[in-house]
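As you go down the protein sequences, you meet chains A and B in turn.
Residue 223 in our numbering sits at position 222 of the first sequence, and the numbers go up by one each step.
Residue 570 in our numbering sits at position 322 of the second sequence, and the numbers go up by one each step.
Please note that the accuracy of each hint is not assured.
To be verified - With a straight-line cut-off of 27 angstroms between C-alpha atoms, the simulated DSS-like cross-links for lysine-lysine are: (1) Lys186(A) <-> Lys90(A); (2) Lys161(A) <-> Lys186(A); (3) Lys85(A) <-> Lys186(A); (4) Lys455(B) <-> Lys90(A); (5) Lys564(B) <-> Lys252(B); (6) Lys564(B) <-> Lys278(A).
To be verified - Have a look at the derived ranges for each label pair, beta carbon to beta carbon: (7) Glu383(B) <-> Leu149(A): 30 to 36 angstroms; (8) Tyr508(B) <-> Leu126(A): 56 to 62 angstroms; (9) Gly89(A) <-> Trp254(B): 38 to 44 angstroms; (10) Ala392(B) <-> Phe259(A): 20 to 26 angstroms; (11) Arg325(B) <-> Val273(A): 40 to 46 angstroms; (12) Pro279(A) <-> Glu526(B): 49 to 55 angstroms; (13) Ser276(A) <-> Glu383(B): 38 to 44 angstroms; (14) Pro115(A) <-> Ala559(B): 49 to 55 angstroms; (15) Ile407(B) <-> Gly217(A): 35 to 41 angstroms; (16) Glu526(B) <-> Trp257(A): 49 to 55 angstroms; (17) Ala392(B) <-> Tyr265(A): 18 to 24 angstroms.
Derived from the structure by calculation, the hints contain no laboratory data.
Yeah, the Cβ is synthetic: ideal placement off N, Cα and C, and Gly gets one too.
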Amino acid sequence: MHIFVMLLVNGLAEGALIFLMAAGLSVILGLVGVVNFAHGTMFIWGGYMSIWVYRLTGSFPLALLAALATGLIMGVVFERFFVKPVYGKVTSQILITLGLMIIFTDLVRLLWGPNPIPMVRPPLLDGTWVFGQVIIARYRVFLIAVGLFVAVGINYLINKTRIGMVMRAGIQSPEMVQALGINIKLYFAAVFAGGAGLAALGGALYAPLVGSVWSGMGIDNQILAFIVVILGGMGSFYGSAVGSILIGLTSAFTAWFFPPLTAYSTLLIMVVVLSLKPEGLFGLAVRK
Amino acid sequence: MTAKRWLWASYAVALILLLVLPHAIGVMTRELIGRIFILAVFGMSYDILRGYTGIINLGHAAFFGGGTYIAGIMFTRLGTSASASLLAVALAWAFAVILALVMGQFAFRNTGAGGVLACAMITLAFGEIVRHTAETFRQFTQGADGLTFAVPVIFRDRIGMYYYALLFLVVMTLLLRQFINSPAGRVLQAIRDNEQRARFLGYDVRKYKLLALVTAALAASSAGFMFALLTRFANTDLLSVQNTLNALLFTIVGGTGTLYGAIVGTAFVQLVQSYLLELRGIHEIFARWQIFFGAIYVLVVLYMPLGMVGAFLRIKGSLAYWRTSGGNHTRAGD
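This is chain A alone, in the form it adopts within the complex (with noise of 0.2 angstroms):
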């Protein structure tokens, strides 16, 4: 039974990690019908700057916040120099992204060195609470406590303010909003640079995880991201929030129980779904 909660927090603070990825993901392709392939390339970067604050600062806080700021702008020099010029066209998107990708990744190893460099766990988080056998990291909590309030303001942000409301409508109808006076471009680069903020700072929340940062980091959990968007259906936003729950909780026991397994497992989800629902779990067509 202890093993069973313990797997089931650190199940879920995977998830939390893999969310700030998936949604960011899943937004900008249910908004503007972009998948972002530099979005691992965001985490990477969100990663290494956070560890470079963090050493020059000593506040996780102020490490987190550069992270964050990393991946604002270079999502919005990403979206208005590179994507932009290629809207609507699927394929260029597809390879100019992954171009950017191979620059920013090999920037980071020309920047940094080819090694992975060490993270410690702020303080404040370090350390376990313990509840008879249940042994329970604070940093994991924590990492819930984050994809929660960020899961949650996302939902906000798009249901209940006129800028949600503006980008449902651009889902439905850019053209038409684009008519009643509404720069929907700008909303587009908006969302974005937002998602790409949420991966960055996805890097930095994922650093002192597992206690260091590497170039290849980017990549495998761009894919966990991908298989959540794909599973839980092509951009929508709770698909992506149960899709990452599912496949954190899904390597965090296959990790336990299964241990070569891990890396399959997670493609296996989202091979079932598929074949169940090809469309997604909760899949609406992507329009765009």
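Guided by the hints, dock chain B onto chain A, whose structure is given.
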């Protein structure tokens, strides 16, 4: 008629040049050109997908690297006898077909623009799983250190290997050209141009996409096998997304949907890469040639979407049009 004769004459001259070449150049250049011959087939196999069917497969390296690894593992485990080599070839092809069928089963479920995205994401996941598997089963693959192996005696002569690579390129080019000009190949191009129309005409789009993937997988796996014979080395980089992007870059630089473009693109990219690596001594940024690689990649997609051969054919087409029409009209839609 004379134009065609000129074309054949230039093919013949090029072939003779390539046949004499290995005796006139240094070892390094010969190795590089042999490598270009084999990688060009990998590039062409990608053009079948990207250029002729409109699919983006981000796990394509799994076929190429799979071919190299199967050759390497079989040669280390069973030796380099003729029967072991034949078994290795058969296994490499079987692996390609099975993986392509499984991958395609899930990648081609959605249609339209969302389908292209879903396909790219799902194939990426499958490709990474294959790479992960190679890294996990270290007793067979030696993991990230790489697997060094001996090859059958007839492939050990370096100049001989150059000719085998050239022969491989010529044979595969003819075979793939045959494939894209076949009725099935025509259907693939119809799917690329308008998937919905092809479906309304009664074609089973998914089956044709599977056919394209299996063909491309066989060509890529064969290229991987030849690469094993040439380099006698395999590591997990061959299975990485980076290697898939190499093939994509070859076709994009050369021109997608032209088949021969992949050959030109491979030669160009490989020559630039070897030149940049020579500049390593000047500044360490040249050792990170992938930054340049990515930059070329982005610039080509943004500003030269037709690629070299594509742009050449376009100019040639416009010239021919001007000549026949007397240059009085502008083409509709231009």
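Taking the hints in turn, this is what the structure says about them:
1. Lys186(A) <-> Lys90(A): Judged against 27 angstroms, a Cα distance of about 16 angstroms means the pair holds.
2. Lys161(A) <-> Lys186(A): holds (21 angstroms)
3. Lys85(A) <-> Lys186(A): holds (9 angstroms)
4. Lys455(B) <-> Lys90(A): holds (25 angstroms)
5. Lys564(B) <-> Lys252(B): holds (15 angstroms)
6. Lys564(B) <-> Lys278(A): Violated, at about 49 angstroms.
7. Glu383(B) <-> Leu149(A): 30 to 36 angstroms: Holds - the Cβ-Cβ distance for Glu383(B) and Leu149(A), about 34 angstroms, lies within 30 to 36 angstroms.
8. Tyr508(B) <-> Leu126(A): 56 to 62 angstroms: Taking Cβ atoms as reference, Tyr508(B) and Leu126(A) lie about 58 angstroms apart, which means the hint holds.
9. Gly89(A) <-> Trp254(B): 38 to 44 angstroms: holds (42 angstroms)
10. Ala392(B) <-> Phe259(A): 20 to 26 angstroms: holds (24 angstroms)
11. Arg325(B) <-> Val273(A): 40 to 46 angstroms: Violated, at about 34 angstroms.
12. Pro279(A) <-> Glu526(B): 49 to 55 angstroms: holds (50 angstroms)
13. Ser276(A) <-> Glu383(B): 38 to 44 angstroms: violated (27 angstroms)
14. Pro115(A) <-> Ala559(B): 49 to 55 angstroms: Since the Cβ atoms of Pro115(A) and Ala559(B) sit about 37 angstroms apart, the hinted range of 49 to 55 angstroms is violated.
15. Ile407(B) <-> Gly217(A): 35 to 41 angstroms: At 39 angstroms between Cβs, range holds.
16. Glu526(B) <-> Trp257(A): 49 to 55 angstroms: 50 angstroms Cβ-Cβ, so the 49 to 55 angstroms window holds.
17. Ala392(B) <-> Tyr265(A): 18 to 24 angstroms: holds (19 angstroms)
Hint check: violations occur at hints 6, 11, 13 and 14; the rest are consistent with the structure.
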